[in-house]
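*Asks:* Here is what each chain is made of, one letter per residue.
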Amino acid sequence: MSLLSERLGWIVFEAETKRLHELVKAVLPELDGIVGWEQGFDALHATPVFVNREEDVHRLMWSPLCVHNLSGYLVKTPPFLPRDEGRKVGICVKGCDSRSLVALEQEKFLGRDRLHIFGIPCEGTVDWRRVMKKIPLRGVSSVRREGPELKVEDSRGVHSLPWEESLARRCLRCAHPNPLVHDVLVRDPVEPRIKKDEAYGLVEEMDQKSLEERLAFWSAELDRCIRCYACRNACPLCVCQDRCIVETRDPKWLTQKMGISEKFMFHMIHSLHLAGRCTECGECERVCPMEIPVTLMKEKLNQITREILGYEAGIDSQLVPPLLTFNPGEHEL
Amino acid sequence: MSGKVFIPQDKLASALERLNEKVPVWVPVSQGADRWGIDFKPFRAGMVPVMDRQSTALPKEVIFPQVQTLMTFEYVKAPEDPGRVQLKLEEPPEAGNALVFGARPCDVRGFFTFDRVFTEGPFVDNQYKDRREKTLFAVLLCREADEACFCSSVGSGPADTAGGDLWITPVEGGYVVEGLSERGGSYVQLLGDPATEEQAAAASRSQEEVSRQKVGSLDPSGVVQGQKDRFEDKDFWRSMVNQCLGCGVCTYVCPTCYCFNITDEMRHSRGERMRSWDSCMFAVYTQEASGHNPRPTKLERYRNRVGHKFSYFPEKYDGMIACCGCGRCIRSCPVSIDIRKVVENLKERSHACA
Chain A
1 MSLLSERLGW IVFEAETKRL HELVKAVLPE LDGIVGWEQG FDALHATPVF VNREEDVHRL
61 MWSPLCVHNL SGYLVKTPPF LPRDEGRKVG ICVKGCDSRS LVALEQEKFL GRDRLHIFGI
121 PCEGTVDWRR VMKKIPLRGV SSVRREGPEL KVEDSRGVHS LPWEESLARR CLRCAHPNPL
181 VHDVLVRDPV EPRIKKDEAY GLVEEMDQKS LEERLAFWSA ELDRCIRCYA CRNACPLCVC
241 QDRCIVETRD PKWLTQKMGI SEKFMFHMIH SLHLAGRCTE CGECERVCPM EIPVTLMKEK
301 LNQITREILG YEAGIDSQLV PPLLTFNPGE HEL
Chain B
1001 MSGKVFIPQD KLASALERLN EKVPVWVPVS QGADRWGIDF KPFRAGMVPV MDRQSTALPK
1061 EVIFPQVQTL MTFEYVKAPE DPGRVQLKLE EPPEAGNALV FGARPCDVRG FFTFDRVFTE
1121 GPFVDNQYKD RREKTLFAVL LCREADEACF CSSVGSGPAD TAGGDLWITP VEGGYVVEGL
1181 SERGGSYVQL LGDPATEEQA AAASRSQEEV SRQKVGSLDP SGVVQGQKDR FEDKDFWRSM
1241 VNQCLGCGVC TYVCPTCYCF NITDEMRHSR GERMRSWDSC MFAVYTQEAS GHNPRPTKLE
1301 RYRNRVGHKF SYFPEKYDGM IACCGCGRCI RSCPVSIDIR KVVENLKERS HACA
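Protein sequence lines correspond, in order, to chains A and B.
Residue 208 in the working numbering is what sits at position 208 of the first sequence, and the numbering runs on without skipping anything.
If you want the working numbering, it's the 1-based position in the second sequence plus 1000.
Any given hint could be a false lead.
To be verified - Okay, derived cross-link-like pairs now, EDC-like style, lysine to aspartate or glutamate, Cα gap no bigger than 20 Å in a straight line:
hint, chain 1, residue 1, chain 2, residue 2
1, A, K18, A, D154
2, A, K134, A, D154
3, B, K1341, B, D1146
4, A, K257, B, D1146
5, A, K133, B, D1146
6, A, K196, A, E123
7, B, K1316, B, E1288
8, A, K257, B, D1278
9, A, K257, B, D1264
10, A, K134, B, D1052
11, B, K1041, A, D223
12, A, K252, B, E1021
13, B, K1088, B, E1272
14, B, K1341, A, D42
15, A, K257, B, E1061
16, A, K257, A, E307
17, A, K151, B, D1146
18, A, K134, A, E85
19, A, K133, B, E1147
Since the hints were made in silico from the structure, they are not lab data.
For reference, chain B alone in the conformation it holds in the complex (with noise of 0.2 Å):
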C-alpha cells in the first residue's frame, strides 16, 4: 500500500543481502560481541545490522573518507632525452554508488555543512561532489535520542528526512520503508512484501508522534555576537575548556568537521597525493612553518572549534550553524566537555554586557 513495503527483524539480514547486490551497501554493526558501539561498514553476508543505538563513528567515512589519494605521479625520464625528467599524474579510479543504510537524520545532515564548502564554489571538490551524488540514505526514524542529543536545537529533528532517499520507520516486529526520493523509490520493492495497512498505520503513528518531540533545549541565537564580545576573554574561554585534554575524538566523530591535510607520500620516484581528516583540536593544525603557531593552546583551539560552528560559518552561509546536534562530541569526549554548555555561556555572556 502507497509504495510501503514491510521487512520483518529476521528478514532484515536477508533484505539487505538482496539490496547490496543492486548497490554497495553500509550498515550500523557492533565492535565486537561485548562492546556498546557500533560502526558503520560495507555489509557482507552474515552481517547483523545493529538498529536501536547512535553509532560511535560515522557514515561520514562514505562520502568523505579519513584518508583518500587524490592523485598518483610517478617521476620519468623522457625517453627521447633521459636527462628531462617527466611528471606523470594520474587520477584515482572514479568512486561507485553507495548506499548507507539505517543513518540517522543527524549524519545525513551533516553532509549539509559539506555541501556549503565542497560544491557551491567557487571551487568545487570534484570528489566530494562525485562520491556525494552517488551515495544515498535510508534514514531511520529516530527515537533513541538520549541526553546528550540536541538536533531539534540546530534546525534538525529525530523525524528529519532531509536529504533522505529511502525512510525506515521500526514498528512492532520490523521495520516499514517507504521512498523518499526517485532513485530511493526505485529500491523500495526489493526490501520486502507491501506493508499491511496495519503497518503502515503503525509507521505513520509513529512518524507523527516522533515528529513532535523536541530534542535538546539549546538556543543558539545571539552566539555568533556572544563569541564577538568574547573572543578575547581568555578567562571565559580557560573556565569553558580547562579540562579538554587536546585530542581528536570530538572532531572525528563530528558528522560536520570537514578539515582536511594534505600530504605526499613518495617512494623512489611514485608517490601519491593525500587528503586525510585533520582536527583543530591538534597542535599542528596550525603550526606554521617559521615555528609560530597562532594557536598556542588548547584555548585558542576549542574557541575556533566552537567559533567555526556557532559563529563564523554562519555568518559565511546565511545564518547555517555547522552543528547537526548528534551529541557525538558530548558523548565521547574523554572529560565529558558540553558544547551546550559553551556556547549557552557564550550567549549570556554577551546578554550580560548588552
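The shape of chain A in the complex, shown without the other chains (with noise of 0.2 Å):
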C-alpha cells in the first residue's frame, strides 16, 4: 500500500487539485471570489491567483510549490474581501498560513465569519533555490515528488533529490502541517515533522556564539540588503503599510544610506513589531532576494516570548496577544 502511494507521489498532487477544484466549485456562487494558486512561468513556481468565476476554477492548483502565505491578501491595500455583510471569500491556506489568520482574527483584522477556509494538510513547501544549488537546472520541464524524493526533469534529464533537501528552512522546523482553522480540508491530515519545542534549533545554535560572532555574522548577512522591502510586504501581520518608519519623513527614523546601522534598525524594528505576534510562517526569509536568514530574528524573539509567557502566536483566535495587554500584575518582565 505504502508502496503503491509513494510510486504515484505525482497522482496525488493531481488527486488534492482535482479535490480542490470540486470543493470550491460546490461553494462559489456563495464566494466573491477565492484566492488561491496556479501554475507560474515555470515548472518551479507557482504564482497567487484570484478567481470568481467557474470557469476559472480549473486555474487553481496545490502542489508543493504552492509557497505563499495568500492571508496578506485580506488585509493589505486594496483588501480582498467580502463585498457585503453576511458575503464571504475563500482562501487556500497550508498550515502555517491559517496561523497568520488565526493571528489577524485575534488582532481584529479579520472576522472568521467573512471567510471560507480552504485548508490543506502540507508535507512541506520546496525551496526552488534549494533546489538549483543541488541541480543546477536548465530549461526545467517537470517537477514531481515520488516517494522519499523530489523528481525533477529538465534539457538534461531526470535528477533526483531527497525530498527533505529540497524543502525550505521553515518546512523544516513546522510543527503545524495542519490548517488550525478551515471549513473544509482538502486532504487527510499529515504527521508534523517535529514537535514545536524542537524548533529553535538554529537560534540555540547562534547562542553559543559570541556576541563578537553574532554581530559579524548579521553584519555580513545583512550587508546583502538592498532595502527591497520584500520581507516587510510579503508578512501578513506587517499591518502599517504605507505608514512604515522606514519611509515616513516625519518623524524621519532612517536615511536613504546602506550602511549596516540603517539595515540593522529596519530588520530590528521589523522584528520587533512582531514579537509574540509572528507565526513564523517564514515568507520574510522565503521572499528576501538576497536569501538573507530574516526570520531568525523573529524566531529568537518567539523563542524568547515561549520562555517568558508561554505564548504562541496564532494558535487560539480567543487569546489576546501579550504584547497587545498591559497587566500591572506581571513580575516576571
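Mind docking these for me? Both chains are given alone in their own frames, and the hints should help you get the complex.
*Replies:* See below:
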C-alpha cells in the first residue's frame, strides 16, 4: 500500500488539485471570489491567483510549489474581502498560513465569519533556490514528488533529490502542517515533522556564539540587504503598510544610506513589531532576493516569548497576544 | 592567434589578480556557501568568480550606486563678519576606473537606457557620465538562459556584444577572451596565453551557435497603443497585478530602472546631498507634499512600471524599449508576476479593440 502511494506521489497532487476544484465549485456561487495558487512562469514556480468565475476554477492548483502565504491579501490595501455583510471570500491555506489567519483574527483585522477556508495539510514546500543549488537546472519541464524523492526533469534529463533536501528551512522546522482553522480540508491531516520544542535549533546554535561572532554574522548577512522591503510586504502581520517607519519623513527614523546600521535598524524594528505576533510562516525569508535568513530574528523573539510568557502566536483566536495587553501584576518582565 | 587568449578554469583567479592590479575589477561571486544567488563584488585575492548563472543583484551598482553622495556641504561663519553664514560646497572625489568581468549581455544593455536619459541632454548627469566612461565590461557569451529570460524579444540576445570591451567565451576547460574595444583589447594579453587554434575555433563555434538562439518569444509591438487603450481599464490592471505585494524587488534588480530620490542628511552644520535608488512600486514615490498621491494603489504603480518600460520610454526615445529582457523581475518576484504576460495581454486587448 505504502509503496503504491509513494510511487504515485505525482498523482496524489493531481488528486488534491482535483478535490480542491470540486470543493471550490460547490461553494463558489456563495463566495465573492477565492484566492489560491496557479502554475507560474515555469515548472518550479506557482503564483497566487484570484478566481471569481467557474470557468477559471481549473486554474487553481495544489503542489509543494504553492509556497505563498495568501492571508496578507485579506488585510493589505486593497483588501480582498467580501463586498457585503453575510458574504464570504474563499482562501486556500497551508498549516502555517492558517496561523496567520488566527493571528489576524486575534488582532481584529479579520472576522472568521467572512471567510471560507480551504485547508490543505502540507508536507512541506519546495525552496527552488535550494533545489537549484543542489542541481543547477536548465529548462525545467516538470517537478514531481516520488515518495522520498523530488524528481525534476530538465533539458538534460531527470534528476532526483531527497525530499527533505528540497524543502524550505521553515518547513523543516514546522510543527503545524495541518490548518488550525478551516471550513473544509482538501486532504487528510499529516503527521507533524517535529514537535514545537524542537523548532528553535538554529536559534540555540546562534546563542552559542559570542556577541562578536553574532555581530559578524548579522553584519555579513545584512550587508547584502538591498532594502527592497519584500520581507515587510510579504508579511501578513506587517500591517503598518504605507506608514512604515522606514519611509515616513516626519518623524524621520532612517536615512537612505546603505550602511549596516540603517539596515539593522529596519530589521530590528520589523522583528520587534512582530514580537509575540509572528507565526513563523517564513515568508520574509522566502521572498528575500538576497537569501538573508531574516525569519531567524523573529524566531529568537518568539523563543523568548514562549519561555517568559508561555505564549505562541496564531494558535487560539480567543487569546489576547501578550504584547497587546497590559497587566500591572506581571512580575517576571 | 588573432588576439584571443585562453584562461584555464583553474587560472581564472590569478588572471583576475593580474587584471585587478591594472584596473579595479568587479566579479560575480557567491552570496554564501549554501546559497544559490550570486552578486557582483570588487575583486579580492582568493575570490572565486561564479560564471555559470546570472547574478541576482546587478553590476548596475558599479556605475549607478544604490546610494551616492552628490556633494557635501557645510554652513560656516564668515571670519570677517560672524553674523553672516556662508555655504561651503564640495564635490565628491572623482570616480576611478573599473572593469566588470563576466557581465551578461543584458547587464550591459541596461545602461543603454540610462545613457539616453543621463547623457544625451538637455541636462547631462556628470557623475553618471564620468563613471560610465570609466567602466569597462568583459561580456560573457550567455549560455544560461532560463524560462524567465527574453533578451532576444527586446533587441538583444545571448551573444550580444554591444557595449562590451572584452568578450568572454566559455570553452572546454576554461575561457577564450578577445578584445571588442581598443581599451578592452589592451588588457587581453595580460589575461592568459594565446589561444590555440582549436580553442579559438571552439569559441567561434560556440559564438555562432549561441548567436542563432532566440531567447524569449515576446513580441512587444503594439504595446504603446495597448497601454493607451487600457490606461483607464482598472479591471484589466487589477486582473494583472492583484497578487503584487508592492515591494521594490523588481525595480532594485532591474538593469534599466533608473529612478532616484534625492535627500539631504545633515548633522549640526555639515551634511551631504545623496542620490539613492527609488522604486515606483513604493507609496512614497509619488506622494505629494499636500498628502495627495496620484498613484494611490499598487494598480496605478504597476501600470506605470509597465507603461514606462514598454510605452512611454519608446515614445520618447525613438522606439527604444526600456527593458533588456534579463527576467530578473520575474525570477525574483516574491509572487512570480510575469511582466511578459502583462505585455502580451495589453496587446491582445488592444487588437480586440481595433
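*Asks:* Are the hints correct? Go through all of them and say.
*Replies:* Okay, the hints, checked on the actual structure:
1. With a CA separation close to 26 Å, the supplied pair K18/A and D154/A exceeds the 20 Å bound.
2. With a CA separation close to 14 Å, the supplied pair K134/A and D154/A stays within the 20 Å bound.
3. Proximity of K1341/B to D1146/B is assessed by CA-CA distance (about 16 Å); at most 20 Å being required, the pair is judged to hold.
4. Our distance criterion of 20 Å between C-alpha atoms is broken by K257/A and D1146/B, whose separation comes to about 34 Å.
5. This hinted pair checks out: K133/A and D1146/B have alpha carbons roughly 15 Å apart, not beyond 20 Å.
6. Only pairs whose Cα atoms come within 20 Å are accepted, and K196/A paired with E123/A is accepted, the gap being roughly 16 Å.
7. Of the pairs offered as hints, the one joining K1316/B and E1288/B is violated, with about 25 Å between alpha carbons and a cut-off of 20 Å exceeded.
8. Under the criterion of a C-alpha separation no larger than 20 Å, the hint pairing K257/A with D1278/B is consistent with the structure, at around 12 Å.
9. Restraint check for K257/A and D1264/B: satisfied, since their Cα atoms lie roughly 11 Å apart, inside the 20 Å limit.
10. Proposed proximity of K134/A and D1052/B is supported: the alpha carbons are some 14 Å apart, at most 20 Å.
11. Between K1041/B and D223/A the alpha-carbon distance is near 12 Å, which keeps this suggested pair within the 20 Å criterion.
12. About 43 Å separates the Cα atoms of K252/A and E1021/B, which puts this hinted pair outside 20 Å; it is violated.
13. For the proposed pair K1088/B and E1272/B, the alpha carbon gap of about 11 Å is at most 20 Å, so the pair holds.
14. For a cut-off of 20 Å, the pair hint linking K1341/B to D42/A stands: about 13 Å separates their Cα positions.
15. The straight-line distance between the Cα atoms of K257/A and E1061/B is roughly 14 Å, inside the 20 Å bound, and the hint therefore holds.
16. Proposed proximity of K257/A and E307/A is contradicted: the alpha carbons are some 36 Å apart, above 20 Å.
17. Between K151/A and D1146/B, the direct Cα distance comes to roughly 19 Å. Compliance with the 20 Å bound is thereby established for this hinted pair.
18. As the CA atoms of K134/A and E85/A are separated by approximately 50 Å, the hinted pair breaks the 20 Å bound.
19. Distance hint between K133/A and E1147/B is fulfilled; the C-alpha atoms sit about 17 Å from each other, no more than 20 Å.
Hints 1, 4, 7, 12, 16 and 18 from the earlier list are contradicted by this structure; the remaining hints agree with it.
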